[in-house]
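Once you've looked at the hints, dock chain B against the given chain A.
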Amino acid sequence: MTWLVRLKLAALVLTTVVLQTTLFPDLRLFGVAPDLVLVATIAVASRVGPETGAVYGFASGLVIDLFLQTPLGLSALSFAVVAYGIGILHTGLSRTPRFIAAMLGGAGGLAGGLIFVVLAALAGEDQVIAFRTIWVLVLAAVYDALLAVPMFPVARWAVGSTGAETPAIRGARST
Amino acid sequence: MVVYRRGNRRSVLILLFVTSITLITLDVRGSGPITGARGVAHDVVAPIATVADKVFSPVGDWVGGVTRAGTLKDENSRLRKELDELRGKAAQNRAFESENEELSKLLDLPYTEDSDAIAARVVSGSPGNFEWTVQIDRGTSDGVAEGMAVVTGAGLVGRIVEASGDRATALLLRDPKSGVAVVTESARTTGVAQGRTGESTLRLDFVDPTANVDEGELVFTSGRDNSRFPPSIPVARVEKVAKKRGELQQDIVLAPLVDLDSLEFVKVLRSPTAAPTEPATGEDAPTP
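The listed protein sequences derive, respectively, from chains A and B.
Residues 0 to 174 (numbering that gives the first Met the number 0) make up the first sequence, in order.
Residues 0 to 287 (numbering that gives the first Met the number 0) make up the second sequence, in order.
If we strip away everything but chain A, and leave its shape as in the complex, we get:
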């Protein structure tokens, strides 16, 4: 991975964190905000594979954790695990299905939310243990799925052709 790609990925982390902390608190649907930083992590992980994706997810999660009142490291671990899973899943795909961005965005958003809630509950954050949490996770996942559509091209721009491309991407490129 070149320095230019690293620089672009750092810029992507900063941009998504700024958007998440300034714009998206006001763009809640039924009181639920999407997780743009997680969506970017999913998009990047689908391009660069599990290891680099997990490192990106950890870094971006750590930065957004600095702006949350929940313990530092919760989002970092959740995002790293999701990125790792998305990286493995996408690596195993022999062809890219239609709506892959929305599908991965929704599934990754739901998984990331679930992992975050479980970890938060284990860390003593009792406020996540509520019936409303199910509603929040599902709605946020739908929102994440929609945001993934424009986010995947951004990740493609950031990573370029230097990322560890998965067979699915190679297949899509060659067709």
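Derived from the structure by calculation, the hints contain no laboratory data.
Where is the CB? At the ideal position from N, CA and C, for every residue including glycine.
Treat the hints with care, as some may be off.
As the list claims (entries may be wrong) - Distance condition first, Cα-Cα at most 16 Å in a straight line; then the derived EDC-like pairs of lysine to aspartate or glutamate:
# : chain 1 : residue 1 : chain 2 : residue 2
1 : B       : Lys53     : A       : Asp25
2 : B       : Lys176    : A       : Asp125
3 : B       : Lys239    : B       : Asp213
4 : B       : Lys242    : B       : Asp207
5 : B       : Lys242    : B       : Asp204
As the list claims (entries may be wrong) - Pulled a few chain B residues facing chain A out of the computed Cβ check, cut under 8 Å:
#  : residue
6  : Val11
7  : Ala40
8  : Ala51
9  : Asp52
10 : Asn92
11 : Pro126
12 : Phe129
13 : Glu130
14 : Thr132
15 : Lys176
Same frame as chain A, now just chain B:
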């Protein structure tokens, strides 16, 4: 074909896992450097966030206006009616104000209006779905510090939980981590107004089961013992009281007096009382 080494894969994930768990443990135990890191992050992002906020606030306002259009019309007419009533009461209160001030001086009581207040603008809400906070455009350089009470003209909003140079984060009353020692208007019964997950209302805990609490009455900060809030700040209105026979606790629901969903400007109170050393029963634990 891309070949991933399984051992390398695992070692990366294990390393990230161990680092995360260490960070979580340190933060839960209240590590100083982590609190400092949060402050630095806020300060670094603050200039960019200020520009972004100016650019995006019209978008947020528009979306807010569209999604709340129905309720805004009703709210507008209700507020006009309330304004007329309040104008009349304000004139009447002027007379009481000077009398109250004189009496407070005589009794040497801490007086809320004596608090040195810092006006601030709410710049954003919480970026997450599991906490209810707002960020304000004033920080330690303006004299804002952790634990200070945040109010509007209508009453208590919450308290400062984090302050960096130019920004501060206030935990709202409705956050489940928020607990405020309060006293009821008529019976002067004490309790703790506690936030509830996903609810816009509060729950009144630790109330004497025999106490007479009526629907519609107000609750104020008690300011007693080592409470972190100055006394007599209006907090909420009693919305529902359910007293069941044989139960040791009353089920009391409170509606905050401040509309916590549409905060624009707030005041941070520098309490005239000394900083608390121990929390009142059930109230928020002080930040180390």
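Evaluation of the provided hints:
Using a Cα cut-off of 16 Å, the hinted pair Lys53 (chain B) and Asp25 (chain A) holds, with the two alpha carbons roughly 13 Å apart. For the given pair, Lys176 (chain B) sits about 9 Å from Asp125 (chain A) by alpha-carbon distance, which is consistent with the 16 Å threshold. About 8 Å separates the Cα atoms of Lys239 (chain B) and Asp213 (chain B), which keeps this hinted pair within 16 Å; it holds. This hinted pair checks out: Lys242 (chain B) and Asp207 (chain B) have alpha carbons roughly 12 Å apart, not beyond 16 Å.
Straight-line distance between C-alpha atoms of Lys242 (chain B) and Asp204 (chain B) comes to about 13 Å, which keeps the hinted pair within the 16 Å bound. Evaluation of the Val11 (chain B) hint against chain A yields a held restraint, the C-beta minimum of about 5 Å falling below 8 Å. About 4 Å separates the beta-carbon of Ala40 (chain B) from the nearest beta-carbon of chain A, less than 8 Å, and the hint is met. For Ala51 (chain B), the suggested interface contact is upheld, since its CB lies about 4 Å from the closest CB of chain A, less than 8 Å.
Taking 8 Å as the C-beta contact cut-off toward chain A, the hint placing Asp52 (chain B) at the interface holds, the least distance being around 5 Å. Residue-level restraint check for Asn92 (chain B) is violated (minimum Cβ-Cβ distance to chain A is 35 Å; threshold 8 Å). With a cut of 8 Å, the hint placing Pro126 (chain B) at the interface with chain A holds, because the nearest CB-to-CB distance is about 5 Å. The restraint placing Phe129 (chain B) at the interface with chain A holds, with a minimum CB-CB distance near 5 Å, inside the 8 Å limit.
Hint status for Glu130 (chain B) relative to chain A: holds, with the closest Cβ pair at about 5 Å, below 8 Å. Of the supplied interface hints, the one on Thr132 (chain B) holds, with its beta-carbon coming within about 6 Å of a beta-carbon of chain A, less than 8 Å. Because the beta carbon of Lys176 (chain B) sits about 7 Å from the nearest beta carbon in chain A, less than 8 Å, this interface hint is met.
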